[in-house]
Amino acid sequence: MAQTDGERRPAGELESSVLAALWAAGRPQSAAEVRAAIPQPLARTTVATLLARLHEKGTVGRRPGGRGFVYFPVEDSHGLTARRMHRELDQDDDRGIVLARFVDGLSPEDEAELRRLLEGGGQ
Amino acid sequence: MIALLLLPLVLPWMLPPLARRAVERVRPEIALWTVTTATAALAVGVVACLGALLLPLALAIPPLAALAELIQPLQAGPRLAVLGVSVLAAGLLAVTVVTVVRHTTSEARRLRAAHREVSGLPHAGGLCVLEDPRPDAYALPPSLRRPGRIVVTTGMLRSLDPREREALLAHERAHLAGHHHVFLAAAQLAGWCHPALAAVAPHVSLAAERAADERAARAVDDRTLTAQAVGRAALAATRGRERGPSVLAARAVTGPVPARVKALLTQAPARRLAPALLAIALLCTAAGTSSVAGTVLLHRGVEIAQGEQPSD
Numbered sequence: 001m002a003q004t005d006g007e008r009r010p011a012g013e014l015e016s017s018v019l020a021a022l023w024a025a026g027r028p029q030s031a032a033e034v035r036a037a038i039p040q041p042l043a044r045t046t047v048a049t050l051l052a053r054l055h056e057k058g059t060v061g062r063r064p065g066g067r068g069f070v071y072f073p074v075e076d077s078h079g080l081t082a083r084r085m086h087r088e089l090d091q092d093d094d095r096g097i098v099l100a101r102f103v104d105g106l107s108p109e110d111e112a113e114l115r116r117l118l119e120g121g122g123q
Numbered sequence: 001m002i003a004l005l006l007l008p009l010v011l012p013w014m015l016p017p018l019a020r021r022a023v024e025r026v027r028p029e030i031a032l033w034t035v036t037t038a039t040a041a042l043a044v045g046v047v048a049c050l051g052a053l054l055l056p057l058a059l060a061i062p063p064l065a066a067l068a069e070l071i072q073p074l075q076a077g078p079r080l081a082v083l084g085v086s087v088l089a090a091g092l093l094a095v096t097v098v099t100v101v102r103h104t105t106s107e108a109r110r111l112r113a114a115h116r117e118v119s120g121l122p123h124a125g126g127l128c129v130l131e132d133p134r135p136d137a138y139a140l141p142p143s144l145r146r147p148g149r150i151v152v153t154t155g156m157l158r159s160l161d162p163r164e165r166e167a168l169l170a171h172e173r174a175h176l177a178g179h180h181h182v183f184l185a186a187a188q189l190a191g192w193c194h195p196a197l198a199a200v201a202p203h204v205s206l207a208a209e210r211a212a213d214e215r216a217a218r219a220v221d222d223r224t225l226t227a228q229a230v231g232r233a234a235l236a237a238t239r240g241r242e243r244g245p246s247v248l249a250a251r252a253v254t255g256p257v258p259a260r261v262k263a264l265l266t267q268a269p270a271r272r273l274a275p276a277l278l279a280i281a282l283l284c285t286a287a288g289t290s291s292v293a294g295t296v297l298l299h300r301g302v303e304i305a306q307g308e309q310p311s312d
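So the protein lines, in turn, are chains A and B. When we follow the UniProt record's numbering, the leftmost residue of the first sequence carries the number 1, and every step to the right adds one. When we follow the UniProt record's numbering, the leftmost residue of the second sequence carries the number 1, and every step to the right adds one.
It is possible that part of the hints are untrue.
[Claimed, not checked] A few chain B positions that, by computed beta-carbon distances, are all more than 10 angstroms from chain A:
no., residue
1, E24
2, V47
3, L70
4, I71
5, V85
6, A139
7, E209
8, R232
9, A270
10, L278
11, V296
[To be verified] Here are the computed distance ranges between Cβ atoms for each label pair:
no., chain 1, residue 1, chain 2, residue 2, range
12, B, Q267, A, R67, 46 to 54 angstroms
13, B, V95, A, R87, 26 to 34 angstroms
14, A, R87, B, E69, 41 to 49 angstroms
15, A, G58, B, A113, 19 to 27 angstroms
16, B, R145, A, R67, 54 to 62 angstroms
17, A, R87, B, Q306, 31 to 39 angstroms
18, A, R53, B, L282, 52 to 60 angstroms
19, B, P162, A, V74, 38 to 46 angstroms
20, A, E119, B, A108, 36 to 44 angstroms
21, B, L80, A, R87, 48 to 56 angstroms
22, B, D161, A, E109, 57 to 65 angstroms
To be clear, the hints were calculated from the coordinates, so they are not data collected in a lab. Using N, Cα and C, we set each Cβ at its ideal position, and we do this for glycine too.
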């Protein structure tokens, strides 16, 4: 079978997509469910290999499910890191710009403008 | 000669409007390079001129004048005015140094702490996920010993659909691959040296975001999808964040997110050159020439005070 478009991407990018999909799902997923939840068209064997590699590295856990394994992301101790990070990064008002944040909070005017743009231009 | 050294302290006020126009009109990578280089160059000029302006004050102190082997007072203009400017420059330079040191150490400490936290988390392809219902995502720049990481909260992953998630990851990868933290750090450092350059830092930040947005749009091959990802992430982040008065105060004008979404919904900017870029180049040249000429004249003044004959 010819390589699909998704399989030409670096392995690291595919691994991060798989991890993102597992976390977004919020409950253990079979390899088939993961394959359906990532937008790249990947062969079933590729998804299985990616999951096996992440399991080896300790990034995801697995247990026997209906058919084969179901996979879930390894959690840190109940979001402790998240809370510490939040405190660390948001403690000062003059938080630097070096940490490039995807989006910041919006003012009410920005929010209205954004809704207008997304309704007008999107889809 | 004093006026020539004062000009580079005033010229930075012309950069913020030019920076805004450059980011609006030119390809984001080019705007990012140009505006960052300009703000860094003007900051160097500001510090150099403040340093040079210290000289008349220093040489008015007899032991230092003796050390410099002056046989007559330095003639740099009306004595009181020159000394006044010199004292002011000393104060400004002291404030600048304290500001830079204080902010740099706190910023470095914060990034180190963030790295320490993240290093304990499992990652896949550089992605670390934080269990946090508040939607947030950022590119943690590499430090000396640790590689850069993409940090995303579960709240963010769950407010986007699978294709939007890919756009988000592509955006953060673009920040790391493009070493945008170097540009942001330079702009921030320049901003601590001069209040006008502090007003340039948000434009550099917007240029970096725009560059990452365009790269993400190319990676997922869909500008509208990328615009949606940015917009929906921002709306989710706003819902998830307590809106304090400081956020509102900081956003009197249209913020960067609507500008980014609007840019993604229209055609990709293709221009490499714009009048704003030429104006920025002229501005830097003027500041550079002025500070070099001022320093050369001051140096000649010192030589005359040392008893040398003017060479021409």
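Hints versus structure:
no.	hint	in the structure
1	E24	holds (16 angstroms)
2	V47	holds (20 angstroms)
3	L70	holds (44 angstroms)
4	I71	holds (49 angstroms)
5	V85	holds (30 angstroms)
6	A139	violated (5 angstroms)
7	E209	violated (7 angstroms)
8	R232	violated (7 angstroms)
9	A270	holds (19 angstroms)
10	L278	holds (27 angstroms)
11	V296	holds (36 angstroms)
12	Q267(B) <-> R67(A): 46 to 54 angstroms	holds (48 angstroms)
13	V95(B) <-> R87(A): 26 to 34 angstroms	holds (30 angstroms)
14	R87(A) <-> E69(B): 41 to 49 angstroms	violated (57 angstroms)
15	G58(A) <-> A113(B): 19 to 27 angstroms	holds (24 angstroms)
16	R145(B) <-> R67(A): 54 to 62 angstroms	violated (44 angstroms)
17	R87(A) <-> Q306(B): 31 to 39 angstroms	violated (58 angstroms)
18	R53(A) <-> L282(B): 52 to 60 angstroms	holds (54 angstroms)
19	P162(B) <-> V74(A): 38 to 46 angstroms	violated (21 angstroms)
20	E119(A) <-> A108(B): 36 to 44 angstroms	holds (43 angstroms)
21	L80(B) <-> R87(A): 48 to 56 angstroms	holds (52 angstroms)
22	D161(B) <-> E109(A): 57 to 65 angstroms	violated (27 angstroms)
Violated hints, listed in ascending order, are 6, 7, 8, 14, 16, 17, 19, 22; each of the other numbered hints is respected by the structure.
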